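Taken in sequence, the protein lines are chains G and B. For the first sequence, position 82 matches number 82 in the numbering used here, and the numbering has no gaps at all. For the second sequence, position 158 matches number 158 in the numbering used here, and the numbering has no gaps at all.
Certain hints may be false.
Derived list of chain G stretches under chain B, where covered just means 3 residues or more per stretch with a C-beta under 8 Å from a C-beta of chain B [stated by the list, open to error]:
1) 33-43
2) 56-63
3) 77-88
No more than 25 Å apart at the CA atoms, straight line, and that leaves these computed lysine to any residue pairs for SDA-like [claimed, not checked]:
4) B:Lys16 x G:Pro75
5) G:Lys62 x B:Pro166
6) G:Lys85 x B:Asp84
7) B:Lys18 x B:Asp51
8) B:Lys182 x B:Gly193
9) B:Lys78 x G:Lys11
10) B:Lys182 x G:Ser77
11) B:Lys55 x G:Leu67
12) G:Lys46 x G:Gln84
13) B:Lys65 x G:Leu67
14) G:Lys72 x B:Pro166
15) G:Lys27 x B:Asp51
16) B:Lys78 x G:His17
17) B:Lys70 x B:Arg119
18) B:Lys70 x G:Arg88
19) B:Lys18 x B:Arg37
20) B:Lys70 x G:Glu63
If you are wondering where the hints come from, they were derived from the structure by calculation, not from laboratory data. Since we're looking at a predicted model, the values are computed, not measured. Every residue, glycine too, gets a C-beta built ideally from N, C-alpha and C.
So the chains spell out like this:
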Amino acid sequence: MTASVNEIVQKKETCEHQEECMKMVQKIVDGQASSSEIEQFQTNMKSCLPCENGFALETCLKETIQLRLDKKCVPLSLIECIKQKIGRYNIENQPF
Amino acid sequence: MIEETEIIENYTEKEKYKVFDKEFMPHIDAMYNFAFRLTNDEDDANDLLQDTFLKAFRFITSFEKGTNAKAWLFRILKNSFINDYRKKSKEPSKVDYQEVETTYNSDEDAEVTNTTDLRVEAIQDMIGDEIANALNSIPVDFRTVIILCDVEGFTYEEMAKILDIPIGTVRSRLHRARSLMKDKLKTYANSMGYGKTETLENKE
């Protein structure tokens, strides 16, 4: 408990490179950053509260969109209609 | 539509159906969801999906076996949407995203930092409807990059090809799209009482 309080106290309250850091956050969250970029950012994040908060927020937003957005299944009648229109049933009835 | 493809495969009739079944059909649900999110209308989504698959079959010789079928199909769907559906779709008022992107990509852009004070706890408490409403309320170009990146997991490079835009523009559009999403979600968060709590905490 004491250690975590000390850790928070030691972190920077403002980030002088926030513009660049937020671009890096986006790259990391989207899986587009290299391992060295990730490592460098993680080291920076340990001492920078805005970067830590920014990373947490962007990660949470992406995960929430991925998990909570309702996913629909295409109507079976539409699949049948498409297959009919491309002549799928005319060529043969057996599966390939 | 598929203008950049130079390789023309020689498929037999039987092979065409095989490619259609094995390479295209597995992506039909993802494409239906993409069509629905673009049009915000089930009937339009049905028509758009059907048009896309019929075009894909018609131009199947332009598809190189073993390449990224999902990205190829999404590109056709996106082009069909722009050409045939965008004008009549019920999309919210547009913002001048080109201007935003130009500003973001320029060397002078000093202000791209987070302008919202949305908190993680507020997002975690949101249900799917609130996320969907926020997504539907942002302009379609921004909505598109969120769907391609966050829902479908395309890389920046794949998105650049699907959307016919440079990778830098993909990045800036995503950044702007997420800022818009956060603004919308902040409104919901305030209505859920997170803003009030924060204000009280700040006063203390």
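**Report entry** Broken hints, by number
**Finding:** 1, 9, 10, 11, 12, 13, 14, 15, 16, 17, 19
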